[in-house]
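Okay, here's what each chain looks like letter by letter:
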Amino acid sequence: AQSVTQPDIHITVSEGASLELRCNYSYGATPYLFWYVQSPGQGLQLLLKYFSGDTLVQGIKGFEAEFKRSQSSFNLRKPSVHWSDAAEYFCAVGVAGGANNLFFGTGTRLTVIP
Amino acid sequence: KAGVTQTPRYLIKTRGQQVTLSCSPISGHRSVSWYQQTPGQGLQFLFEYFSETQRNKGNFPGRFSGRQFSNSRSEMNVSTLELGDSALYLCASSQNAGVQETQYFGPGTRLLVL
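Top to bottom, those sequences are chains A and B. Taken in order, the first sequence gives residues 1 to 114; the numbers are from this note's numbering. Taken in order, the second sequence gives residues 115 to 228; the numbers are from this note's numbering.
Fair warning: there could be bad hints in the mix.
[Stated by the list, open to error] Each computed SDA-like pair below joins lysine to any residue, with the alpha-carbon atoms no more than 20 Å apart:
hint, chain 1, residue 1, chain 2, residue 2
1, B, Lys115, B, Asn210
2, A, Lys49, B, Asn191
3, A, Lys61, B, Thr216
4, B, Lys115, A, Gln45
5, B, Lys171, A, Ala1
6, A, Lys49, B, Gln214
7, A, Lys61, B, Glu166
8, A, Lys49, B, Glu215
9, A, Lys49, B, Asn210
10, A, Lys61, A, Gly28
11, B, Lys115, A, Gln42
12, A, Lys61, A, Leu19
13, A, Lys49, B, Gly212
14, B, Lys115, A, Leu46
In case anyone wonders, no lab produced these hints; they're calculated from the structure.
The following block holds chain A by itself, in its conformation from the complex:
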């Protein structure tokens, strides 16, 4: 069965510092991988997704993620964090050829200090 692990519950970074949020997945075949962001009181917004091809994926708001099959990871990165990036970040995996349902990790809450 597919699953997603986000080992960091809460991360605090200074504004302007770099960021890396970790995501590990478990799935037998090549997964469909996603990163979503949720601001307080809001729904989820898609940052980026990986299906195949280039393992470095660019997303919105300056985020990127790298798919590493050997490590079953799909870590999210940003070179310079802005205060507006404070939110909760969710990694998710989808099943190729399956329905729309996504399996989400437990999320990482990002705090940005000025």
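Place chain B on chain A using the hints.
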């Protein structure tokens, strides 16, 4: 284009009651998925509808049901509410069915069961 809208945004019910939540997808989107978000269980898939047919269902009891209308609007119903049903219920729409489709989430309906 208007985003996904969910009504009501907040709801308070008591145990044993039933509740109906509504989701209007983005215009032209034919697929609607529902998710439950709780602090303890995180984001969990409830069900997915495409062209008025339920395509997939998550691991939830039969008290949770849904439907989709010909205009793609969707409703979910929870009967005999339990305290544990308190959650944020998120609806997501996509143009077509399939995990490769980008899902756009609404702001959610926050349900509190007393």
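Query raised in the report: Is the straight-line distance between the alpha-carbon of Lys115 of chain B and that of Asn210 of chain B 20 Å or less?
Result: holds, 17 Å
Query - Pair hint outcome, Lys61 of chain A versus Thr216 of chain B [Cα-Cα no greater than 20 Å] - result: The given pair, whose Cα atoms are some 17 Å apart, holds under the 20 Å limit.
Query raised in the report: Going straight from one Cα to the other, do Lys115 of chain B and Gln45 of chain A come out at no more than 20 Å?
Result: Given that 20 Å is the threshold and the Cα spacing comes to 16 Å, the pair holds.
Report task. Compare the distance between the alpha carbons of Lys49 of chain A and Asn191 of chain B with 20 Å, and conclude whether the hinted pair is satisfied. Result -> violated, 31 Å
Query raised in the report: Does the structure keep Lys49 of chain A and Gly212 of chain B at a Cα separation of 20 Å or less?
Result: holds, 14 Å
Requested in this report: Assess, step by step, whether the Cα of Lys61 of chain A is no farther than 20 Å from the Cα of Gly28 of chain A, and give holds or violated.
Outcome: violated, 31 Å
Report task. Would you check the hint for Lys171 of chain B and Ala1 of chain A, treating anything up to 20 Å between C-alpha atoms as holding? Result -> OK: Lys171 of chain B and Ala1 of chain A at ~16 Å, within 20 Å.
Query raised in the report: CA of Lys49 of chain A to CA of Gln214 of chain B, is that 20 Å or under?
Result: holds, 9 Å
Report task. Take the C-alpha atoms of Lys61 of chain A and Glu166 of chain B, compute the straight-line distance between them, and say whether it is at most 20 Å. Result -> Violated - the C-alpha atoms of Glu166 of chain B and Lys61 of chain A are around 35 Å apart, more than 20 Å.
Requested in this report: For the pair we were handed, Lys61 of chain A and Leu19 of chain A, check the Cα-Cα distance against 20 Å.
Outcome: holds, 13 Å
Query raised in the report: Does the structure keep Lys49 of chain A and Glu215 of chain B at a Cα separation of 20 Å or less?
Result: This hinted pair holds, its Cα atoms lying about 10 Å apart.
Query raised in the report: Can the restraint linking Lys115 of chain B and Gln42 of chain A be considered satisfied, given a maximum Cα separation of 20 Å?
Result: holds, 18 Å
Hints 2, 7 and 10 from the earlier list are contradicted by this structure; the remaining hints agree with it.
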